[in-house]
Structures are given as C-alpha cells and as structure tokens.
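Protein chains in written order, with my numbering: chain A, 1 to 329; chain B, 330 to 658; chain C, 659 to 1009; chain D, 1010 to 1360.
If you are wondering where the hints come from, they were derived from the structure by calculation, not from laboratory data.
Some clues are possibly wrong.
Here chain A is said to cover these stretches of chain D; the calculated rule only asks that three of the stretch's residues, wherever they fall, bring their Cβ under 8 angstroms from a Cβ of chain A [claimed, not checked]:
1) 1042-1054
2) 1297-1307
Looking from chain C toward chain B, a few residues come up when the C-beta cut is under 8 angstroms (computed) [stated by the list, open to error]:
3) L687
4) T716
5) G784
6) P952
7) T958
From the three backbone atoms N, C-alpha and C, an ideal C-beta is built for every residue, glycine too.
Chain residues, written in single-letter form:
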Amino acid sequence: MTATLPQRLLRDMLRIRAVEEAIAERYAEQKMRCPVHLSIGQEAPAAAAGAALAPTDLAVSGHRAHAHYLAKGGDLKAMIAEIHGKATGCCSGKGGSMHLTDLSAGFVGSTAIVGGTVPVGVGLALARQLAGRGEMVCVFIGDAVLETGVFYESANFAALRRLPVLFLCENNLYSVYSPLSVRQPAGRSLAEAASAMGLNATAGDGNDVLASHDLIAAAAARIRRGEGPQFVELATYRWREHCGPMFDNDIGYRSPAEFEAWRALDPIARLTRQLLAGGGIDNAWLAATSGAIKDEVDAAFAFADASPFPGPEAAFTDIWSPEVAACRR
Amino acid sequence: MTATLPQRLLRDMLRIRAVEEAIAERYAEQKMRCPVHLSIGQEAPAAAAGAALAPTDLAVSGHRAHAHYLAKGGDLKAMIAEIHGKATGCCSGKGGSMHLTDLSAGFVGSTAIVGGTVPVGVGLALARQLAGRGEMVCVFIGDAVLETGVFYESANFAALRRLPVLFLCENNLYSVYSPLSVRQPAGRSLAEAASAMGLNATAGDGNDVLASHDLIAAAAARIRRGEGPQFVELATYRWREHCGPMFDNDIGYRSPAEFEAWRALDPIARLTRQLLAGGGIDNAWLAATSGAIKDEVDAAFAFADASPFPGPEAAFTDIWSPEVAACRR
Amino acid sequence: MPSMTYGEAIRDALAVALARDPAVLVYGLGTPDPKGVFGTTLGLQATFGADRVFDMPTSENAMTGIGVGAALGGLRPVLTHQRLDFALLSLDQIVNNAAKWRFMFGGRGSVPLTIRMILGRGWGQGPTHSQNLQSWFAHVPGLCVVAPTTPEDAKGLLLNAIFGEDPVIFLEHRWLHNVTGEAPEGFYRIPFGQARRLRAGADVTVVAMSLMSLEAAHAVDHLAREGLSCDLLDLRSLNPIDWPAIDASVRRTGRLLVVDAGQETGGVAGEIIAHAATRLWGDLRAPPRRLAMPDAPEATSPALTAAYHVRAEHIAAAIAEMLGRSTDTTPLVAARRFPHDVPGDWFRGPF
Amino acid sequence: MPSMTYGEAIRDALAVALARDPAVLVYGLGTPDPKGVFGTTLGLQATFGADRVFDMPTSENAMTGIGVGAALGGLRPVLTHQRLDFALLSLDQIVNNAAKWRFMFGGRGSVPLTIRMILGRGWGQGPTHSQNLQSWFAHVPGLCVVAPTTPEDAKGLLLNAIFGEDPVIFLEHRWLHNVTGEAPEGFYRIPFGQARRLRAGADVTVVAMSLMSLEAAHAVDHLAREGLSCDLLDLRSLNPIDWPAIDASVRRTGRLLVVDAGQETGGVAGEIIAHAATRLWGDLRAPPRRLAMPDAPEATSPALTAAYHVRAEHIAAAIAEMLGRSTDTTPLVAARRFPHDVPGDWFRGPF
Ligand SMILES: Cc1ncc(C[n+]2csc(CCOP(=O)(O)OP(=O)(O)O)c2C)c(N)n1
Ligand SMILES: Cc1ncc(C[n+]2csc(CCOP(=O)(O)OP(=O)(O)O)c2C)c(N)n1
Ligand SMILES: [Mg+2]
Ligand SMILES: [Mg+2]
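Required output: the full structure, derived from the provided sequences and hints.
Rendered as structure tokens:
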C-alpha cells in the first residue's frame, strides 16, 4: 500500500531526524572531520518541500542542507560517506557536509557561502524556462539570506523574467548566534521584503508540516501555471548549536525558555499525535517505520565506514576540464 | 536682498544647466578628455536637495554628479578644471568628471561604479550618528541603483540602526540605453522596493522643483527628528545622451515623441513661468541672474584653460599614506 | 580569409556560436542596445531572439551566478562586462561557484560560462574604468583566462571558450576593437594554452599579451631594422600558459623580457619570470626583465597618463639595453600621429 | 613581557585601540556573540558599548563600504571576516573605494579601515573556507597587506593598521590563534614594510609568512642541528615588502627559498623570486625556489589534505637540496603528535 501524504511527511521527518541524531551522536568519534550544520527541530519545511516538488524539479541549498538533500531524494549512503570524506561520497570526498549533490534526485548542489546558490537556482530556472520544460527550481534559504545583496538581485531578475523558481525560506530566528534583532530592522517581515521585489510571498508555521506543505504546494502550482517566482517563509527553530552536534542554550545567545517553547512545537511529535489520534497511523506503523529508518541509517554509516578514502592524487583532479588539465601539465 | 526659496531653486537650476550646456558645447574641442554624464533636463532634484540640505550635511553621488556637486555648493572652477584634467581640479586631475569632491561644501565624493557610494554614504551617516551630531547624509542614486545588491544591504543596515541618511533617487527611466522594462519587473515601483527594506519612502514629480523640495525637506525633517532613513523617488528625464554631449533620440532606444513629452515638462521653464506669472521674479531678475551665471561659467572655463596640467610625477602620488609610500621606495 | 576588425571578429564568433547551438546565450548590460557593446553584439537579438540575447539589470553578482546556474542547466552563457572593473562585484560567484563547482562536487557538473571583460584605457577612463586584474583570474584554480590580440585569435578563442567545458575569463582590450586582421569564416576553435609566435628571432625572447603584443611587435620590428632579432610570443592564454613554447624560446635566446598588460607587483610577468628563474636557470644568460603598468591606478587627466603606460619605445629600449646596445626610438614615437590617450584617430570620446 | 596566545594578542590590540581612541569601531559577523570570533572579540562590547562594538547583517559588501564611509567620516573601523573567503563579496568596495579613495580624489580623504580576514585550513573547511588570496590584495595599489606570525607582531601590526592612514588587509591564520608568545603590554605599533629575522644564518635565505614562518622555523632549526645555517625572514608585511632586508640577506647567502602561504601560480613567492631574478641576478649563486599551496582548492576529506599543504619536512628537504645536501626529515614528522588536519591537540572541530 502506498503511503498517504501525511505518512510520507512523517516518515521523511523521522528519517531526517534519525540521520541527524546519528551524526550528532557519532561526531565526537572524530571520523566526520568537517563542519556539520544540523536541522534537528526544523525538519518540517524540508519534508514538506520534498513532497510538494516533483522528482524532476531541481533544488539547491546552503550550508544546512542535509534535510533538503534527503527530502529531495538524495542518496543517504553517499551523503554519510561524503561527511566521512570517503571516495564513495556524493562529491567523492571533496565537498563534505556543506557540499551535497545528487543529480539523479534533482538536488543540484548546496554550497557554503551564505546566499551563494540563490542566483545559481535562478539560472537553473532560466535554463528550464528556455527549454520550455515544466520543471521548477526550489532554492532553500535561511533568514540571513535576506541580508545578502545577491538575494535581491536574483529575485529581481526572477521576477523580471517570471522564472519558475521558489525561494523557500526557513526563518529560524538566528544566523549563527545572532538574533534577527541585530541584523534586520524590527517589524519588517522577510516575506514583505521578498514581496516588494516582485515575488509572490506567503508565510506560515514551519513546525506544522501539513500547513507548510499546503503553502509550498500552492506556490508550486502558481509557478506551474506560469505565475512567476514565489517566496514561502516558514517559521521554525534550530534545536542544536549552529555548527556541530551539541546543544548550546547555555552559552547565552538564546534563553533555555525560548528553546523549550519551540521544542514543545516539535513538528514530528505534533504530526505523530495528530495521526495517531485521527487513525492516520498506528503504533505498529510507527515502530516499523522507525525500525526501517534505523536500519537504513546504520547501513549508511556502515557503508561509509567500510568505504575507502580517496587516493591523495584526487586532491588535484576535477579542477579544470580534462583538455585544459592536459595542457597545464 | 536675499533670494527667496523659489528664486534660489531657479537660479541653481539655471546655473546647472548653463554649466552643462557649456560643457556640451565645448566637448568637441577635445580638451575635456574624459567621459561626461550630463544632467540637462533633470536639474530639479539636485537643486531641490541642495536647498533642503544644510551646508553641513554631507552628500555622495555617482557618475552623473555635476548637478549634485554644484547644488551642494561645490566649487565650480575646481569642477571644470577637473574635467579638463588640470592640477587645479577638485581631484588635482586624478578623478575627472566622474569623481568630484568638495569637502568644504560637504560633498564628500562621487564615483563611477553604479551603487558604489551607497554604503559609503551610510557609513558617513553612522559616523555622524555616533558623533551625536545632527547632520544627515544625502545619497544621490539613479533608478539602476535599485538593481544593485549593495543598495539593499545598505538600506537594511541604515534601517536597522535608524541612521540619518536620505536616499534620493532620480528615476529617469533609463540606465544607459536600457529602459526599466528590461531591468525591473513591470508594476513594481522603486519607492515600494525601498519601503520594504525599512526606508520611509515617498515619490513625486521630479520636474516640479518646488514639490521636489517639499518632499525632500519633509524627509530631511523626519531624519532630523530621529525617524530614521528616508527614500525619495523623483521622476525625471535625461535630455541628452547617457554619456557625452549629444542628443541621441535618433538611435532608437527611445522615441522622439517621448523625449518631446518630457521636454515639455522642463523644470526650468515651468518654474520660470510660474514665478514670472506670480511676480516671484521679473525679466530683469532673469536677465541679471543669467548674466551672472554666464560670467561665472565663462570664468570657470577660463580658469580651467589657464590652469597648469599636473606634472607627470603626480600620476604616482596619493596612492598610499606618506609613511607607507616611503617604505615602498 | 576575410579581413575584419577585432570587434567584428567577436561579433562573428557570437553569431556563429548562437547559430550553431541553441544552448548559447549572450547577455550583459547593453547587449541589445543601439551601441551593442562597442558593436560586438549588434543585431544579435534581432536574429536570435530576446530569449537568448538579452540585456540585464545592473546586478553583476547575481547575473554571474545566474550564468553559473544556466551553465549547470545545460546552457552555454556568454556574459559581457563593458569594463572589467564592474566584475569586481561578482568575484564571489566567479571564484566560489564558477571556478570551484567541478572540483567541490567531485566532477559532478561543469560550468561552461564565458565572461567577457573589456579593458579600458585612456580618454579619462580613470581609476575604476581601466583596471586589468588579469593576474587575479590567472591565480584561481579552475578558471581559464585568455587575452587575444588579433581578430583571428579573438574569434577562435572565444568560440573555444563557449564550446569548452570550463569557466573562461575572456579579456578584450577596448583599444583592440578597431584593429583589423584576417580571420577565418565560420566555425573554428583555437585551443587554450598555446602561445602564438608573432616574430621569430634569436637574440631575446619577448613574451607579451593583448594590446602589449602589438606594442611589442612595433618594438621588435624597429629593432629588426637595426639588426636585432627577437622571438616574440603572444601569450594568448594566461591560464593555462604555454610553458613549452616559452621554455623552448628562452633555451634558444637565453634572454627574457615579459611585457605585462597589468600592474607590476603580483602580475603575470612576475609569474613568468619566476618560472624562468626557477626552471630555466641554466639557460638564462642575463637577468630576465619585465615591463608592466606601474603600481598605481590610472588617473583621469591626460597629463597623468602620458608617462603611465608601456609603449613600443619603452620595449625597444629595454630590449636594446638587455643586449648591451642602444637604439633610437624616435621613429617609433613619431609613427603615432594621434594623442597618447586614444587608440587612434577614429576615437573621439567619450568611451 | 606577558605571554599570551596570538588570539589574545589580537583581542588585546582591539581593547587597547578601543580604549585609546573613541574613533575606533569593531564590527563583523558574530563580534559580540558568545564565541567572540574565536575569542578575539570576547567582552569588548560589554566594555566599550554596542555603538562601537557590534554585530552586522550578512552583507559583506555594504558593510565594507560602510566601513569606508565611517573612515572618511573620521572613524577607525575594524571589520572582521571569519573567513577570508567571505570577503570575496566585498572586493568592489575594497578595491574600487577603500584602496582608491585617496588617489582618485587627489589626496582629499583617506580610509583608515582595517579588515581582518581569518584564513581557514583543515578539519574539512573545504573549498570555500580555506582560501588565502593574499597575492590578490598585495597586487592592489593603495592597500597594505600584513600577515603576522607571532602574538607580538599580531598586536603591534594590528595597532599600526588601526592607527595608520591606509586601508589594511590583516590576515590571521586560524591555526595561529592558539600559538603562544610574549607580547608587550599596552600600546605599541610595529611599522609596515619590515620583515623580522626569525633565525640568522649564512647558507640560504628563507622568506616565509604567517603559518609558513612557523613551519619554516621548524625546518631551519632541524637543519641547524645538521650544520646548515639559514637566514629566515618572516615577511610580516606583504605590501609594502621589506626589499632591503631580502636584498641584504640574498646578497650574503646567494640562495633564496620563498615559502608562500597562498597558491603557487601568481602568488607572493613568485613576486619575490621575480624581484630577485631581475634585481639580484649577480648575487644569486643558484636558482631561487618556491614552495606554495598547489593550484587546487583545498578539498574536504582529510585524505585529500594530507599531501596538500607545505610542512616543515618539505621546507627542510628543499633547502637541503638547494645546498646539495640530504636530510632525514623523519624527526620533523614524528614531532607532530596529532592528525595532519588540525593545528594541535586542542582542536576537536567543527571550526
Ligand atoms: C557570505 C558568508 N558570510 C558569512 C558566512 C558564515 N555563516 C555560515 S552559516 C551563517 C548563518 C546563516 O544564517 P541563516 O541563513 O539564517 O541559516 P541558518 O544557519 O539559520 O540555517 C553564516 C553567517 C558564510 N558562510 N558566508
Ligand atoms: C557596477 C557597474 N555596472 C555598470 C556600469 C556602467 N554604467 C555606468 S552608468 C550606468 C547607468 C546607471 O543608470 P542610473 O542609475 O539609472 O543612472 P542614470 O545614468 O540614469 O543617471 C551604467 C549601467 C557601472 N558604472 N558600474
Ligand atoms: Mg537562520
Ligand atoms: Mg536612470
């Protein structure tokens, strides 16, 4: 029996969280030797987007991209191997956690410069539009991206050409340890700023995965109808530290009370309660799903562990095309 | 007898136009060997700002800055000498038409990269605010600046810190030969885009110098009351080619009819008619004012002509501070 | 081969590319306007449509990233900056995305994006309209950098850029746009990494690029009349550099002068000299030498540019000095019948 | 003199500057946050107030231009980028405004803006968090570039940057932050353009900078135990460069090795070698040599960084080879008791 949409959303969120928690647990082993930015607590926007987008749609993202990659259908083993620096990684070990790609899933790439893939996503949308193909591009961004000039430049061009692009903004209130109040004027919403650039903008509760899905699906439908670029802002919250596996409510940039308030809105617990109450799932489904996810995650780590490191010569390949590389020798 | 505000505005516009027309007339002599961007037809915003700002207020501008420099009180002789590449120029011959400065008039500088002085103006406003001084900064921009990322970044910070800065935008519909329609989405106003960044934005008829003055003065008053950064958009039109002395309605990027329609709105003719009709000036005033301006312009060109060129060694000075330059020897 | 200007050769390359492959896009500020980027894009929009040939907002950074995305999406975009200086706004996209994409994703995806940058000079272009940061681009792993001198090379290298698989910085000097030469018709590619020998000679190796290759050719021809024989290499490609050609020439002549089209400190000439000093030590019979723009912005006043640029007479004098000879360079100076701050009689300002 | 880490020395310099002159501003992403830019800004906001010590939006380009404007308005701003890589977004403001303002306005106005850029390395920093584009900055007329190695120099050069009248790129290597040394208390300035002799010797001149000076010192000490005597200059200032010190040393030793903290092609080492080859030809007794990062981005996997960076053993081997000797570098390698991709035991990731 195929999964219902709520089941799919719950399963995808559970899977993302399980992966992230496994990374967090094992990070101290010092085998994942690269920065990791976890999405624990903010799985809903990714899962909602993954379900609202077609497999042939494209996506790009930034530094906190594990969830986006997984929700879009990116290969889990290749991601875990990449974080371990292995040759079997999705970037053959060259990119690490902040560079994920799975072209077969339409996840073109995530990069580590804030705002850096925003125009790349718009350019992909331009290519799709010119090819006369119906696919759209989803650009995952955080709240800090609304501070980068390149966002406004990209949004302007997307609006000018009515490109099939969705800017999906996870507003988790912080950029690293900096609250919105030290970065953007009080009282201005992200969606308003986007809307003034010519994007059709909506905003919603990013911890309500069903509502998030509806917003994104509606925006996607508008894009497919040729109504031009859309912006969806989803309010959510990162539970762990900005970068790394720990909790950091003790260091002083946000209050434990704030954290607890947001944790109470846990999108996974919420949907689970809802579905259990409404009969959308039962405990057997939950156990089976969690069990399958656990197995999959364990297998991915085992795969990564068993995979070879790239040879040292690979540090110097894939820089130029083969023809140009040949004449640099 | 001191001039009334309308008299001052008319005089300043007449003076700007006379200077610009003199440049245009003499450009073919090939003694002004640098690009020149003339403001003929769009003198009103500059004159209005010049009158609304206090002498101690600061201003920065871009490539089309003659009018702003003159309206702010910049030294005419030094500007004409600069365009002639003379040692007596306001940049000692190093900057030319696109780099004007007169610190004694509060005109800090104009530069040639579109949007380049926008953050500089914001930084000057930050310095003024921290010094607890009442002065404000006026940043002159064109419509194309609303396409640059740096504008949005700068506006965001100005709004965040409630800085005493006025963005004065002359919307003349074109960037070089490109109409707004190929650069910004239809139906979005510049003022709206600015407003969404947290700037208090108003818009008006930039060929009505009195109305322009009122808008700017009101914005300046809000700044002085601590209400934070303001944006004023003024609709106007450049009569001559983007760069250089000629008319260019024949080359096809805009219609002669459009040009004629805007020329009929000539801000100088309009105010002249108004003042003559209302008794604010008479023909004698006009003749005397024009005569004085002509003399001043002729004197400026004579000054430039008579001035020496900088010595060739000056090409290599003023790069580093004297201390650092000394150890590079 | 038909004769055409350098500017026409570029336009021809763009037209050939657009006709050959629907994946080719041509855009940039003013691309479809009546001036057509100094004539290099004139008429292309009318022929190939506004979807593929288009203007853009003054958004250099995003429009570069959009080129990266379009390239990843299967297109072959050509973005033009009317001055290299404007590209400073887009270095994040050039360096962190275009140049690194192939590497950081382990070879999954390539960015065939061509970025034309026009180098300004003279007629009061001034400090921010006349920079040549070619050595910056040549420093970046993953970028190719070319700076053609002749119409034939401009067309062939531009087509190679467009149809290759690397991001390419294509440097065209404003003062070359009106220079005439023969160039083949139709489609052809000139591979990167190959210098062109403009003059063959035995006494000294002269390496130059872009406009400096023309100045060097004048100097070399002048010295030839005085019996000095120079091997003049037009570098064409600044990354990859044709080390075999340079090495072979220096091995024969034992002497090396590099004439840089950029500023001295940290320039391409320094890199070539460092290469020679470290790898051709035993072949050098005299200290290598370089001529370059001084470490100063270009000022606006013509009085301040008169002694700023390297010209044929300086090159000739330097070569003669390296050979322990003297030369009378007055004919070289006298041959120029127009002011020092314009490329020729045809130029009357303002740009 | 008290002993402190390099990071503490930077914090000390900022505190001294803020206390000394109300015109000093300190800002950048995370400046007042609980981590305080790797500790270098900890507590400064509490002491000096949020007007003068503040966080910023992720708007690198505007925030640089705002620094330019603030400097023109009489302030002395210090802007920090947690990685040099982020500064790529701000090159227009750095090059076209900060570096050129004094020149293009004929000396009317100067821009005493200090831009700290932290250089990343190891622990999977990867392609866009570990670039050192020092040679780009050193190529720009009007900029000063310093890259201190020791706490004393970090503090003295930072104070010189803040209280000088030029825009300064201040490069601090993340791997130096925990290195300890003595540094004077209170206010002092170390002028730019002066190299520091770290070791005196007669056989070969070694020029290095930043973290590479430490690696070179290990190599030189190792070789000293084998009877080879090296003159090790820590460049400190990459523009202006202390040519008199380099020249004097090369004149004595006749041999030159430059160890570059950036990538090879178009790097600072190439410039120094070009200088030596063109100006010290007669003094060189052997071909000069350079060691540098390869022309490749730094990959993320530790397997791909193991053979990527220049370390003491490579420097020692190169020097020995230049002197026709051999050396056993195993002790140098054995002395490092922690993985190759971290600066020391204290570092456990992620940044
Ligand atoms: C241009 C640039 N500046 C600074 C950084 C450092 N940095 C990494 S992540 C980050 C925070 C981004 O915040 P946001 O977009 O809200 O995403 P979140 O981390 O909250 O998911 C910053 C500033 C960077 N990577 N790139
Ligand atoms: C960053 C940058 N890109 C492109 C240019 C070329 N350019 C010079 S003026 C100009 C037009 C600007 O238009 P606008 O701001 O509307 O001012 P206007 O010329 O209409 O007064 C352009 C694109 C430039 N100087 N800087
Ligand atoms: Mg955030
Ligand atoms: Mg305009």
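Hint by hint, here is what the structure shows:
With 3 residues bearing a CB less than 8 angstroms from a CB of chain A, the region 1042-1054 of chain D meets the requirement of three and the coverage assertion stands. Residue count for the region 1297-1307 of chain D with a Cβ under 8 angstroms from a Cβ of chain A: 4. That meets the three needed, and the coverage hint holds. Taking 8 angstroms as the C-beta cut-off, the interface hint given for L687 (chain C) holds, the closest approach to chain B being about 7 angstroms. Residue-level restraint check for T716 (chain C) holds (minimum Cβ-Cβ distance to chain B is 4 angstroms; threshold 8 angstroms).
Because the closest C-beta pair between G784 (chain C) and chain B is about 5 angstroms apart, less than 8 angstroms, the hint holds. Look at P952 (chain C): its Cβ gets to within about 6 angstroms of chain B, closer than 8 angstroms, so that hint holds up. Interface restraint check: T958 (chain C) against chain B, minimum CB-CB distance 3 angstroms, threshold 8 angstroms, status holds.
When held up to the earlier numbered hints, the structure conflicts with none and fits them all.
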